[in-house]
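2 protein chains.
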Amino acid sequence: MDKEENKKPIEISELGEFGLIDHLTKDLTVIDKNLIKGIGDDCAVFECGDICNLVTTDLLVEGVHFNLIYTPLKHLGYKAVAVNLSDIYAMNGTPKYITVSIAISRKFSVAAMEQLYEGIKLACDRFDVELIGGDTTSSLSGLFINITAIGQAKKEDIAYRSGAKKNDLICVSGDLGGAYMGLKVLEREAKLYMDDKDTQPELEGYEYVIERQLKPEPRRDIVRELAKRGIVPNSMIDISDGLSSELLHICKESGVGCRVYEEKIPVHEQTEYVSNKFRLDPSLAAMNGGEDYELLFTVPLDKKDIVESMNDVAIIGYVCDAKDGGKFVAKNGVELELKAQGWNAFNK
Amino acid sequence: MDKEENKKPIEISELGEFGLIDHLTKDLTVIDKNLIKGIGDDCAVFECGDICNLVTTDLLVEGVHFNLIYTPLKHLGYKAVAVNLSDIYAMNGTPKYITVSIAISRKFSVAAMEQLYEGIKLACDRFDVELIGGDTTSSLSGLFINITAIGQAKKEDIAYRSGAKKNDLICVSGDLGGAYMGLKVLEREAKLYMDDKDTQPELEGYEYVIERQLKPEPRRDIVRELAKRGIVPNSMIDISDGLSSELLHICKESGVGCRVYEEKIPVHEQTEYVSNKFRLDPSLAAMNGGEDYELLFTVPLDKKDIVESMNDVAIIGYVCDAKDGGKFVAKNGVELELKAQGWNAFNK
Numbered sequence: 001m002d003k004e005e006n007k008k009p010i011e012i013s014e015l016g017e018f019g020l021i022d023h024l025t026k027d028l029t030v031i032d033k034n035l036i037k038g039i040g041d042d043c044a045v046f047e048c049g050d051i052c053n054l055v056t057t058d059l060l061v062e063g064v065h066f067n068l069i070y071t072p073l074k075h076l077g078y079k080a081v082a083v084n085l086s087d088i089y090a091m092n093g094t095p096k097y098i099t100v101s102i103a104i105s106r107k108f109s110v111a112a113m114e115q116l117y118e119g120i121k122l123a124c125d126r127f128d129v130e131l132i133g134g135d136t137t138s139s140l141s142g143l144f145i146n147i148t149a150i151g152q153a154k155k156e157d158i159a160y161r162s163g164a165k166k167n168d169l170i171c172v173s174g175d176l177g178g179a180y181m182g183l184k185v186l187e188r189e190a191k192l193y194m195d196d197k198d199t200q201p202e203l204e205g206y207e208y209v210i211e212r213q214l215k216p217e218p219r220r221d222i223v224r225e226l227a228k229r230g231i232v233p234n235s236m237i238d239i240s241d242g243l244s245s246e247l248l249h250i251c252k253e254s255g256v257g258c259r260v261y262e263e264k265i266p267v268h269e270q271t272e273y274v275s276n277k278f279r280l281d282p283s284l285a286a287m288n289g290g291e292d293y294e295l296l297f298t299v300p301l302d303k304k305d306i307v308e309s310m311n312d313v314a315i316i317g318y319v320c321d322a323k324d325g326g327k328f329v330a331k332n333g334v335e336l337e338l339k340a341q342g343w344n345a346f347n348k
Numbered sequence: 001m002d003k004e005e006n007k008k009p010i011e012i013s014e015l016g017e018f019g020l021i022d023h024l025t026k027d028l029t030v031i032d033k034n035l036i037k038g039i040g041d042d043c044a045v046f047e048c049g050d051i052c053n054l055v056t057t058d059l060l061v062e063g064v065h066f067n068l069i070y071t072p073l074k075h076l077g078y079k080a081v082a083v084n085l086s087d088i089y090a091m092n093g094t095p096k097y098i099t100v101s102i103a104i105s106r107k108f109s110v111a112a113m114e115q116l117y118e119g120i121k122l123a124c125d126r127f128d129v130e131l132i133g134g135d136t137t138s139s140l141s142g143l144f145i146n147i148t149a150i151g152q153a154k155k156e157d158i159a160y161r162s163g164a165k166k167n168d169l170i171c172v173s174g175d176l177g178g179a180y181m182g183l184k185v186l187e188r189e190a191k192l193y194m195d196d197k198d199t200q201p202e203l204e205g206y207e208y209v210i211e212r213q214l215k216p217e218p219r220r221d222i223v224r225e226l227a228k229r230g231i232v233p234n235s236m237i238d239i240s241d242g243l244s245s246e247l248l249h250i251c252k253e254s255g256v257g258c259r260v261y262e263e264k265i266p267v268h269e270q271t272e273y274v275s276n277k278f279r280l281d282p283s284l285a286a287m288n289g290g291e292d293y294e295l296l297f298t299v300p301l302d303k304k305d306i307v308e309s310m311n312d313v314a315i316i317g318y319v320c321d322a323k324d325g326g327k328f329v330a331k332n333g334v335e336l337e338l339k340a341q342g343w344n345a346f347n348k
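First to last, the sequence lines map onto chains A and B. Residue numbering for the first sequence follows my numbering, starting at 1 and increasing by one per position. Residue numbering for the second sequence follows my numbering, starting at 1 and increasing by one per position.
So that you can see chain A by itself, here it is in the shape it has in the complex (with noise of 0.2 Å):
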């Protein structure tokens, strides 16, 4: 082995964002005894009383999460409320409040934050949730938000990352794929504008996967729903990186294996059209794209009819052995080994 290559400092870049959280906490002890979960699944939760408190909390950086040229004000503050309130109905919780920090460069007026801010009101409102406080300063450059949202939910009602069990039903939310193009687009368009300022975007044809982009719906229905049918999934997280990557995490925290089915996961028509313009595989868009911020769950394989009987929730495979590790059949019948190749910050 090269002892000079041993030296070498490890990038960022090599660890990436989850390799970097989990080099950065592994020794962490938990000496709190009403903290049930901390670092590891879409929320940590703590114990209150009769009730358990959902913490998480989102950072978005202009460049890096958004492009100012295409993302509304108004709809990122809506995004930033709401990829949070995913993470809580993704632990089967009720969001309750949020807290929302903000750094601004010289070029933001009055005017842009309050659009901002309608913005976050407007989810606010929507979700039933109070914006109870943050902390607003100037940045040298760019737009900074985090968010951080605090839900409830009782202790038996919390559906962790880590309750898969074997022969459990795969179950999503909504359908895959469309924010991924509707990003694909808006960089398209985007590029265009940046090239001649006199071009008029068209936009035409894309609502859907644009709005998918820019204006993601937290699943409260699906939450709802599934507790007015009695149904505690055993495991639940949000489509945050793509469902791939999603999968591998239920997998590992709930050590199982799985399998999911090509023809079964729900693609939008408009995003197979636009990945068909594209050259993309609409398939590879649902797997790795991201951002969709539905929900991903199982459940057991006795509540079928239940969740069958359910709207906009697709059954897309099946909890095995780890030792069978993580598989997508396509629908030529070849099996794959699943791999996350989600989004990642820190990718150079």
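Any given hint could turn out to be false.
[Said to hold, decoys possible] In silico lysine to any residue, SDA-like type, Cα no more than 25 Å apart, as pairs: (1) Lys154/A with Gln152/B; (2) Lys121/A with His23/B; (3) Lys107/A with Glu118/A; (4) Lys74/B with Phe18/A; (5) Lys74/A with Glu211/B; (6) Lys331/A with Leu301/A; (7) Lys26/B with Phe127/A; (8) Lys74/B with Gly38/A.
By construction, these hints were calculated from the structure, which means they are not laboratory data. The model shown is predicted, which means the values in this text are computed figures rather than measured ones.
Go by the hints and put chain B onto chain A.
Here is chain B on its own, set in the frame of chain A:
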């Protein structure tokens, strides 16, 4: 009135941080019955069974809040946690959990992040706080740290900004102005270093004020001591923006006035020494410097003997009628109007 001028968009620097927050959040209405306090104190407060949860968040931006030329990353991590814990103590609560969001540019290595986390964990260990989650992502330039802290308190123990009563004694912990003078020393040395990279910083004799700037200690000891002596302050706030600014917060929120005496304000001898070297009035550093993270609180007059017997607590004045305003009584007996001249991230 000039019509054109009326139309000019409002600039953020005109409003300042507090003005901007007021402006953006003025139409928020509280609907959640468990939410006791939303925006406007050191923490938000929501009830949860027999306990109240306290929530606060702070965003630190490289180039705005800290300069990495003279801020060791370990200290920065510690301070980022400390300033949030200080907000929890300022409500008379006990911090329990934090989330940490970080955005980093390519210039940072894994080793740099390890140092930052070393400081974060040190603060967590020292104050029995659990790191329960976060988000780690990239930025196009600079380092951003957003920490959200959650603490707890019994409802009857919480000290708001709004509880000060006429004739209350006004008390502060520790000494003031040191953190500001530490910043002045560090900025001077950084400038000398930038002008000549071979220069060695001269920090001898400045250790105390530099430590005040780089490694503020949240005053858990004071909160514990007050509890031990059976005192729940009528009002409390931590001193992050300078004594003047915090006094005015308490006066405004409590609907009272105040009178504080220059001769009573605790200033460390090194703060005085450094102020003199910089030809600054030490009292000005104490009143407007900020970042001391000491506690400012008011107690009923009949607790005088008790607070007088406490270590590291000084009585600096008393609460009066709102109509008598907020006054600073100088050593020469002259009364000056209190003005919030504290630090503002949006100053041009």
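Just to be careful, I want the Cα atoms of lysine 74/A and glutamate 211/B compared with a cutoff of 25 Å; is the pair within it?
violated (42 Å)
Given the hinted pair lysine 26/B and phenylalanine 127/A, is their alpha-carbon gap at most 25 Å?
Between lysine 26/B and phenylalanine 127/A the Cα gap is close to 20 Å, so the pair holds against 25 Å.
For the pair supplied as a hint, lysine 121/A and histidine 23/B, is the alpha-carbon distance within the 25 Å limit?
Holds - the C-alpha atoms of histidine 23/B and lysine 121/A are around 13 Å apart, at most 25 Å.
Lysine 107/A paired with glutamate 118/A [C-alpha distance capped at 25 Å]
holds (19 Å)
Does the structure keep lysine 154/A and glutamine 152/B at a Cα separation of 25 Å or less?
Judged against 25 Å, a Cα distance of about 19 Å means the pair holds.
Are the Cα atoms of lysine 74/B and glycine 38/A separated by 25 Å or less?
With Cα atoms ~22 Å apart, lysine 74/B and glycine 38/A stay inside 25 Å; holds.
Mind checking the alpha carbons of lysine 74/B and phenylalanine 18/A for me, to see if they're no more than 25 Å apart?
holds (22 Å)
Would the pair lysine 331/A and leucine 301/A pass a check requiring their Cα atoms to be no farther apart than 25 Å?
With a Cα-Cα distance of about 23 Å, the restraint between lysine 331/A and leucine 301/A holds, given a limit of 25 Å.
In terms of the numbered hints stated before, the structure departs from hint 5 and from no other.
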